[in-house]
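Let the hints inform the model, and build the full structure from the sequences given.
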Amino acid sequence: MSGTPHDHYASGHDDQAHDHDHDDHKPVNEHDDGPPGEYEIMSRAMQELLEQKGIITAEQVTKRMEQFDEEFPYHGGQVVARAWVDPAFKQRLLADGRAACAEMGAMLEAERLIAVENTPQVHNVIVCTLCSCYPRALLGMPPTWYKSRNYRSRVVFEPRSVLREFGTVLPDNVTVRVHDSNADMRYLVVPMRPAGTEGWSEEKLAGILSRDTLVGVTVPRLPA
Amino acid sequence: MSGSASLKSTYTPAPEHRFKVGDKVVVKTAHPPGHRRTPQYIRGKQGVIERICGAYPNPEELAYGFDGKPERVLYRVRFFQTHVWTGYAGPANDIIEMEIYEHWLDPAGAQS
Chain A
160 MSGTPHDHYA SGHDDQAHDH DHDDHKPVNE HDDGPPGEYE IMSRAMQELL EQKGIITAEQ
220 VTKRMEQFDE EFPYHGGQVV ARAWVDPAFK QRLLADGRAA CAEMGAMLEA ERLIAVENTP
280 QVHNVIVCTL CSCYPRALLG MPPTWYKSRN YRSRVVFEPR SVLREFGTVL PDNVTVRVHD
340 SNADMRYLVV PMRPAGTEGW SEEKLAGILS RDTLVGVTVP RLPA
Chain B
210 MSGSASLKST YTPAPEHRFK VGDKVVVKTA HPPGHRRTPQ YIRGKQGVIE RICGAYPNPE
270 ELAYGFDGKP ERVLYRVRFF QTHVWTGYAG PANDIIEMEI YEHWLDPAGA QS
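Going down the list, the sequences are from chains A and B. Position 121 of the first sequence, counted from 1, bears residue number 280 in my numbering, the numbering being contiguous throughout. Position 77 of the second sequence, counted from 1, bears residue number 286 in my numbering, the numbering being contiguous throughout.
Please note that the accuracy of each hint is not assured.
Said to hold, decoys possible - A short, non-exhaustive set of chain A residues, derived as facing chain B with CB atoms under 7 Å: (1) Asn309; (2) Ser312; (3) Phe316; (4) Arg336.
To be verified - Straight-line C-alpha distance at most 25 Å; calculated DMTMM-like pairs for lysine to aspartate or glutamate: (5) B:Lys233 / A:Glu276; (6) A:Lys212 / A:Asp331; (7) A:Lys363 / A:Glu197; (8) A:Lys306 / B:Glu269; (9) A:Lys222 / A:Asp245; (10) A:Lys306 / A:Glu207; (11) B:Lys229 / A:Asp255; (12) B:Lys237 / A:Glu317; (13) B:Lys237 / B:Glu259; (14) A:Lys249 / A:Asp371; (15) A:Lys306 / A:Asp371; (16) B:Lys229 / A:Glu276; (17) B:Lys237 / B:Glu269; (18) A:Lys306 / A:Asp245; (19) A:Lys363 / A:Asp245; (20) B:Lys254 / B:Glu311; (21) B:Lys254 / A:Asp255; (22) B:Lys233 / B:Asp276; (23) A:Lys306 / A:Glu317; (24) B:Lys233 / B:Glu259; (25) A:Lys306 / A:Glu225; (26) B:Lys237 / B:Asp315; (27) B:Lys254 / A:Glu317; (28) A:Lys249 / B:Asp315.
Simulated from the structure, these hints should not be mistaken for laboratory data. Remember, it's a predicted structure, so these values are computed and weren't measured experimentally. Ideal Cβ placement from N, Cα and C applies to all residues, glycine included.
As structure tokens, this is what we get:
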């Protein structure tokens, strides 16, 4: 049978995929469409109960979520900026992403990182269709759109339309290479260094390497 | 955060592996219950081994509290989008890649 845009959520796979304790595969909240899932309802009900009983406060929950952001700061821009100025480092990054990040003090713990390089011929974009696998230790917490069902289901079968919505229009002679981060690897896009950045410091280069450029939905641009 | 600069390589060795880079493979068309990391949409599709990622504890076992042993060889497999989706709107050179465990793969032309 040939695939259709929505058949990969057939037979309740989504629920089963989340019924375990592997951190990176925790269920995600669906804010974009459809009714809330079973886990989201349970989570909300639990929070309400705990608040009503005075065990936790909404402020504590918000604060804890902010702490997640602090635990996983964004290192991706620095890593790619180094790759741009140091070809030997770039080769090490492409050969073994985690080891290269460790050189820069970005410890990815158990995450195995595959860095994929954009070229004039190939543009890379990352998704996790099964849940929302994401290199948190490198890029911080994933943005809401990355976790949305809209992005996860569409970018695999109409990547060019999704990229266009992010303002990234690619000619047909550039291969779009989608990576479904579906098992044990995590991914980092190494964008092309834009013209006009010659002589820039690593710090200045890192400034144009937003999170979205390292997921591959946009490309770095010079400040207007 | 834990860890130190002496972290081992990302790539754990897989000294024994059934497929090599460039081999044509077909993802099994199977719908077993339980936790599977092989997306539904890729089952039955033909692709090419892009790289061997190493051997890792089997996530289908880890999900239920087992140790995941023996470890399974994990590959990255490359597919042409036009082979995956009927009516793919982009050019024929667009590709999609993902990770597939060895026990989900058959040699192309020898589907089970």
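Exercise for the section: Compare the structure with the hints numbered earlier in the document and write down the numbers of the violated ones, lowest to highest. Expected result: 1, 2, 6, 7, 9, 18, 21, 22, 28
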